[in-house]
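Enquirer: Residue numbers (my numbering), protein chains in the order written: chain G, 1 to 253; chain B, 1001 to 1379.
If you're looking for bench data, these hints aren't it; they were derived computationally from the structure. Glycine included, every Cβ here is placed at the ideal spot set by N, Cα and C. Among the clues, some could well be false.
Residues on chain G that point at chain B, a partial pick, calculated with CB under 7 Å [as the list claims (entries may be wrong)]:
no., residue
1, Leu-127
2, Ala-139
3, Asp-158
4, Ser-189
5, Val-217
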Amino acid sequence: MPAKISVHKLTMAYGPVVIMRDLDFEVNEREIFVIMGGSGCGKSTLLRHLVGLMEPSEGCIFYDSNNFTATTIEERARFIRRFGVMYQWGALWSSLTLGENISMLIEEAGQQSPKTVRDLVAYKLSLVGLAGYEDYYPAQLSGGMKKRAGIARAMALDPDILFLDEPSGGLDPLSAKRLDDLILHLRDSQGCTIIIVTHELASIFGVADTALFLDPVTHTQGALGNPKHLRDHSENPAVRLFLNRGLTPIPAS
Amino acid sequence: MPNTIHDGAKNNSPPCASWRLEDQSVLLELSGDWHRGGPDVTTIGNSSGRSADRYDVQKLGAFDSMLPAFLLAHLRAHPLPSGTTPSFEGLPLNLCGLLKLALAVPEEIGAQITKPVSRAARLGKLSLKAWKSTLDVIEFVGQCSMSMGRLICGRARFRKQDLWLSVQECGIEALPIVTLISFLIGMILAFVGNAQLTNFGANLLVADLVAIAMVREMGVVMTAIIMSGRTGAAFAAHIGSMNANEEIDALRTSGFNPFDYLVLPRLLALVIMMPMLTIYSNVVGILGGMMVGSMVGIPTVLFWNETLLSVNLTNASLGVIKSVFFGAAIAVSGCMQGMRAGRSSAAVGQATTHAIVAAITWVVVLDSAFAAIFTLLNI
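Next up, chain B with everything else stripped away, as it sits in the complex:
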């Protein structure tokens, strides 16, 4: 059914608004059919900077919201002195009612938030935002430390089931993807190493290459990247949704510390599980390398013995030590973005993206720092 507001003479003509000055008053003549998707409105004359005093609707056809929207824009463009109300003389009653309703609440001028900003101001805002983000990270890490302190003192309150659920989510449930990626990384290392070392007749050293690369770097870094995308994002999305639904406010007003309740179990779970996943990833990566080794003619026993010779406890522990810090960085990034997320579904999406980017960045930065430290210590 077409939305026919006013059953005037249906002349199927394009909509037209014509201003005339009659007896010192502005007359606005409205004619034609005013429909969304119809021809553009033709305006004749001008209103002399005043809103209409009278309306002539003799030639007005059918109309939908187009007409009241046009009249409202006209009335808003020519505001009357305060205390005076616009005249609707000549307008049909139903249209008058809609316009009165639309004008009942004055326009919120301050609500227009789009303002042009200079480049210097934008740079300043960006700098302030970056500084605030840094302070936020420091504050969040501080709060996590205090939460850990409360845990050590036995004063942290959280549901133990939440801890075990998080352990399951970031441990056992991550095994399939960690297995696949680690196995493939081990294979890739072996293929690349074999291609180069065969030229020197030292293809047995593929075993050393795979073992040392996996236990020192690749195992822990790949696991951390997987966990950033998988678990860090899940933490941010879950806590962000809780924030959007005011669930975190409900925790606060119910006397719970949201840090102890939400962040601590996730932080603990990831710090506990990351070393285990790293060890697992190292073993699977070496097995992947071993499979390629057997394909290129290195006997499995020989590969295994060479691996045992090349990996000592110091080497093997380096990746595991790093994994604890990586786990903490991933958990802090995910939880922080979730806790700081806005109260909308779009904000939850942004928080998830930021959590992954921040976690991967921190993993790489920390890994570089560890590389420098281990080099200095000659490890």
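Here chain G stands alone, though its shape is the one from the complex:
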């Protein structure tokens, strides 16, 4: 089976400043793939490249063996319809209620009866622990609630690929655990592929099948593999240090 997402020799840069170079990895279908690294290493930038908000300086991104980088605007729109993206701070539309933030996508995607739309909105909000908050405006919510509502909106259309930018950052431990459970359930039940940008170690070890470490020193791919394996056996000391919370890393074996 071809990889769901393939990234070939991707170089990301802001003008002359290279953020990461020569990124090369594949994400398989139904995989939970974590992009990790310290603050400012380019995790969110990589996510923005994957969803088409930024163009690579070099290299290509493929979805189901189709080149996403070299597409026309119309083709890209077809790709994007399969994505669900949750932004770091929720990025909810502030002039709409939570219910409207989600129902707008569902109504736009096709004719639905109002009751069906209402039930779907209630279900999506219930999944993230916000049942009953349909009539709230984003400004009336706490930061963590906004984040969870952002995830509910990203899931609105049962996306094929779900991109989550720092989903559990700033959440209380119980909400973070529920979110990890939700991510696993979504993968198992809906069969979606999930890309998560995070540096929360509990979430990384809890949900990730594969993790990509971005090394801010060399500006290259620091490591790729199962996070538990990388924690104990990575050849890159920066990866072991990161995954052991800076405690004395276990030497690579």
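Fit chain B to the supplied structure of chain G, relying on the hints for placement.
Expert: Leaving out everything else, chain B in the frame of chain G:
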């Protein structure tokens, strides 16, 4: 890829939920393909006011979020006594997991904020809102006065660069639009005046008309309206965005007085620059009138001499005096709406709109008051 949650028998039939009572327990039979955008769900029988005790999914096809959303709505509509958990017997494991997750946090009933309100209650709320707005304006003006007091006593702390930046923004950068509008207003006054005064053979008085109208009213009012839309809105948007990003809270917790730091430089800048812009607008307006005068046969020298005769220091100073108050009203409206804005991008937009409307309203109200006062004083 279609979102296939459950790979049951794909019968391509419409989704159906059928309730049956078997051995005193409610059985819910689910069948068909449950897809968003597919046919509507057909329901057969009723649940007798109870949530299902068992599920039959033998004839269930593929489904997406439609099915768990339907089941969740059913479960929420038939809540169980506290302490008991709903039965998911017969449901596929993945669906069970999603439903358990969705039910893990109870519905926030109090969170439903849409309640029907009577007309009397709405009127009452509007009245209270209007009263609160009035108190807000009084409080804000009071705080501005105290801030000015601290400035006079040398205790106000703000960055001097901010003051000069504001002076630049509401002074030099406003010159092009003030020039254009004032010139056109002067021309319009001259055209209209000429059309009427020619009938009486007094078209030289066009110069008097343009000069007096510009220096007493049009110069200052048009400048104030331009500055309301340009600078007042910018103040509201800038301070409103800072409020939304908690930058104003950061100023407070860092020991700065947000009034001194944000409002005072803007207020000072506009109060300083409005008289200058008004004088400039008056001159440009008269030049516009003069151009029309020369086009309709009034020699430029004659127009100029007539203008000098008609404009005395009293006349000329009236607009300038008003401009100080207009400048303060515009700055207070813009800054107040920004400081009182909510913490969202939509709130910043509303604050900007309110700032412009309030500033223009205040300009017109103040101008009317000045007109009455000047009439009483025979000026």
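Enquirer: Hint by hint, say whether it matches the structure.
Expert: Hints, one by one, checked against the model:
Interface hint status for Leu-127 (chain G): upheld, as the beta-carbon distance to the closest one in chain B is roughly 5 Å, under 7 Å. Restraint check, Ala-139 (chain G) versus chain B: the minimum CB separation of about 4 Å is within 7 Å; hint holds. Restraint check, Asp-158 (chain G) versus chain B: the minimum CB separation of about 4 Å is within 7 Å; hint holds. Interface restraint check: Ser-189 (chain G) against chain B, minimum CB-CB distance 4 Å, threshold 7 Å, status holds.
Contact between Val-217 (chain G) and chain B, as hinted, is not supported at the beta carbon level, the nearest pair being about 31 Å apart and thus beyond 7 Å.
Of the numbered hints listed earlier, the single one contradicted by the structure is hint 5.
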